[in-house]
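2 protein chains.
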Amino acid sequence: MNTHQTISATRPPQAALDTVRDALAKKFGNRYSANETVRQQHGHTLTWTPTQAPDAVVFAQSTEEVAEIVKLCALNRVPVIPYGTGTSLEGHVNAPFGGICIDLSQMKQVVAVHAEDLNVVVEPGITRKELNEYLRDTGLFFPIDPGADASIGGMVSTRASGTNAVRYGTMKDNVLSLTVVMPDGEIVKTASRAKKSSAGYDLTRLFVGAEGTLGVITQITLRLYGIPEAISAGVCTFPSVRACCDATIATIQSGLPVARIELLDALMVHAVNLHSKLGLPEEPMLLLEFHGTDASVKEQAERFGEIAREFGGGDFAWATKPEDRTKLWQARHDAYWAGFTLRPGAKTLASDVCVPISRLADCVEETYRDLAEANLVAPILGHVGDGNFHVNLLVDMDNKDEVTRTEQFLERLVLRGIAMEGTCTGEHGVGQAKMKYLPKEHAPATLDLMRTLKRSIDPLNIMNPGKVVAV
Amino acid sequence: MNTHQTISATRPPQAALDTVRDALAKKFGNRYSANETVRQQHGHTLTWTPTQAPDAVVFAQSTEEVAEIVKLCALNRVPVIPYGTGTSLEGHVNAPFGGICIDLSQMKQVVAVHAEDLNVVVEPGITRKELNEYLRDTGLFFPIDPGADASIGGMVSTRASGTNAVRYGTMKDNVLSLTVVMPDGEIVKTASRAKKSSAGYDLTRLFVGAEGTLGVITQITLRLYGIPEAISAGVCTFPSVRACCDATIATIQSGLPVARIELLDALMVHAVNLHSKLGLPEEPMLLLEFHGTDASVKEQAERFGEIAREFGGGDFAWATKPEDRTKLWQARHDAYWAGFTLRPGAKTLASDVCVPISRLADCVEETYRDLAEANLVAPILGHVGDGNFHVNLLVDMDNKDEVTRTEQFLERLVLRGIAMEGTCTGEHGVGQAKMKYLPKEHAPATLDLMRTLKRSIDPLNIMNPGKVVAV
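Line by line, the protein sequences are chains A and B. Numbering of the first sequence is given in our numbering, commencing with residue 1 and proceeding in unit increments. Numbering of the second sequence is given in our numbering, commencing with residue 1 and proceeding in unit increments.
If we strip away everything but chain A, and leave its shape as in the complex, we get (with noise of 0.2 Å):
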């Protein structure tokens, strides 16, 4: 405790990577890659943080593989990055230090459904969508919902949530137990199959969130959640911003139980509609859902409804059928898309900050004086049932005056909501992207106790290097 020491790294000698290479190579065969196209892509993220691919890129297909691999790079002291899909937006799978990046895409098993038990076990690279292909026939759904279709083991590391977090929590209640391979090559389970147990320190929510730098999960069980005997959704426009989050805020407090309640700003709207083909009016709204028997989805509609008159809200626009509906949720998972159309050739910056709700009009209001001042253009949208909002900033990355407004607008958005009580990312993660804020965030004996965490788990610095608390 209380060394106040940063956590280094530097890139391995070239003798030292050359072994962890040759060996990796002769035992993975085509599973094994030091091509340059797939070394770039996996060095990639949906950011404006530069490309640093890995040394090399092996595809693991079982965990005593994963324990293998971190073996050899521990006995070689070269990292370790672990990789989903790449939809990660703060830089979680660049290698500044380069390294073996454990490619988990192949690993997509599901283990055990436990219907009766509402769990399953998965394998990391299964993505949300998939394995709710695969529950499909079940009557059960898993429901964190990130924008992308994410890879479950890292919807895992980065504490993912969604448009369904209002209701069902985000992966922090939704793990029940994970098996991780830590920075030794020890395998770890954190937990049994119970819904709770009070055995010991809490070791799963350890590697929920921890991006992966104190070891590779490589299974996890979740809960499942019963899909809704009857599930209402559409769309109400508002006057304003405010008047969207002044209603969410009373929906929330009157305990409406709303499965989602989504902002979408006018400009957002403006750009789904072109992206996804739709009529939406382009004016505030709340994309809403209700989950529950036909009665009670029809209570919670109502409840709505008057709440939405009281802060001026329009007439609800059903989505009746299942297909409008899907139509709809696709529509905001693709926001980050839409963005593009806006303006071709930027790129997006997606930063997303959360506030206790009571705070939240408040921020969005003056994070749009604030953009309108830097003149930059951004769509806000975001899970406002849980105070959480999404700045998608479309920059220009060839303007640099542009560059460096939007960075001191970041800085400023990331302030204003700490000083409201608030985190610098509300789901996203630190990654790269937001390690200089968690200083702004947390206090240096608060970073002294991730430092310590990092540091007994990881000594030698191996797991995902550079990312979090360890520069």
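What the hints contain is simulated information worked out from the structure, not anything from laboratory work. Heads up, a few of these hints could be off.
When chains are identical, the list treats them as one kind, so a pair holds in a single copy or across two.
Unchecked claim - Within a straight-line C-alpha distance of at most 30 Å, the following computed BS3-like cross-link-like pairs (lysine-lysine) qualify: (1) 436 - 189; (2) 440 - 71; (3) 189 - 71; (4) 27 - 400; (5) 298 - 71; (6) 129 - 347; (7) 277 - 189; (8) 27 - 189; (9) 189 - 440; (10) 347 - 400; (11) 189 - 298; (12) 321 - 298.
Please build the complex by placing chain B on the supplied structure of chain A, with the hints as guidance.
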């Protein structure tokens, strides 16, 4: 990692202890006590584990005072034992190596109620009933309710649960942030008040369930919930405990959002009737409660009625008046004390295991057979919606053979739970009494990781030594 080394403690040298005691006596005046009675009280828990008193007790009144005490103890390598209400069940507050007990019962301020954000900031000494009393006029409540009127700090530390967990989760799900005095006296705030965050490792969950072995919790931010518009509660008898369990399993699997679903066996009902002067039918029964709107509560009760009938459930006897409802749940919470009426003079040993819900009926049924064969008296009750049940053994401590049979039974109970993919404790925690079962539940690598955490955060092993993974 993988040292497989135990972490052990010894009593501090008398000179070190004298130094600490003299300094504390001088500083804290009448808030310091080395009085025999006070010391005995503070080493006593609700178990058959023999009392191991601390060397002195200090009644702290602020985070800064706690930090000062811990720093002094760290300097002199004297153990520190945090104390709330002393209602834990596995010897959590015993002082096997002596040391200083920090009694937090004078730290019971409600620091801030953020009604609009549905959260509250409290000091650790406030009890769950005191908190809900304080919140009464806000229309909000805190749902977690272990049997005893435990302190919130203690509930965080044991990862407590209770009758509402099936709907509202456990302490793990309801703590937003903690202030913790670390073993070196540094003060760490784990997180902001945002409802979710991905800004680094989950330090909050590191301390939830750590049983005071990693630091002293001095402030807690908790989630709150709106008091439901409508509540209905009542009891439903069944022909057997198996039928109760089967009806519970079907209820959970159907997705019915029951708020409470609690099992009492016939013997437990008999004891509750005697203790709380109720006239419940002395048959296996489920106590239930539904939360929602008038219409949804009615619908939930009807749906439960349909399920219950499939398993031979009798008519649902409603507790319609709030005072009847309170009486019913108070009786449930007093079950521990009610047990004594069955066998005056006996000690109650309340043990809990938790299994995936599909195994619940089997686990309970095998446990009855085992009790009968071992000739032991124990009502069974539990939070069956979570797969969690309690066996309240009534033991004549003067009968050595019975004590031995009880110990052997406990081991079989735990092994049975673990064999069914469950855990040796769903909510009571490890303390001293369940340390020996951790290696049955967790593999060596898992326990190693727990020890790595303990060793790195508390290298001197002064924080509540002799508990969880540090012998």
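Here is how each hint holds up against the structure:
Taking the shortest Cα distances, residue 436 and residue 189 sit within 30 Å of each other only across copies (19 Å), while inside one copy they are farther apart (32 Å). In this assembly of identical chains, the alpha carbons of residue 440 and residue 71 lie at most 30 Å apart only when taken from different copies (27 Å versus 36 Å within one copy). For the homomeric pair residue 189 and residue 71, the shortest alpha-carbon distance inside one copy (17 Å) is at most 30 Å, but the shortest distance between copies (35 Å) is not. In this homomeric assembly, residue 27 and residue 400 never come within 30 Å of each other (Cα to Cα): the closest approach is 46 Å inside a single copy and 60 Å across copies.
In this assembly of identical chains, the alpha carbons of residue 298 and residue 71 never lie at most 30 Å apart, being 56 Å within a copy and 58 Å across copies at closest. Proximity of residue 129 to residue 347 under the C-alpha cut-off of 30 Å is restricted to the intra-copy arrangement: shortest distance 26 Å within a copy versus 53 Å between copies. In this assembly of identical chains, the alpha carbons of residue 277 and residue 189 never lie at most 30 Å apart, being 46 Å within a copy and 47 Å across copies at closest. Proximity of residue 27 and residue 189 under a CA criterion of 30 Å is satisfied intra-copy only: 26 Å inside one chain copy versus 46 Å between copies.
In the homo-oligomer, the alpha carbons of residue 189 and residue 440 lie at most 30 Å apart only across protomers (13 Å), although the nearest pairing inside one protomer, at 34 Å, exceeds that limit. Only within a single protomer do residue 347 and residue 400 lie at most 30 Å apart by alpha-carbon distance; the minimum there is 13 Å, versus 76 Å between protomers. Within a single copy, residue 189 and residue 298 get their C-alpha atoms no closer than 43 Å, and across copies no closer than 43 Å, so neither meets the 30 Å cut-off. Proximity of residue 321 to residue 298 under the C-alpha cut-off of 30 Å is found in both arrangements, the shortest distances being 15 Å within a copy and 28 Å between copies.
Checked against the numbered hints given earlier, the structure breaks hints 4, 5, 7, 11 and satisfies all the rest.
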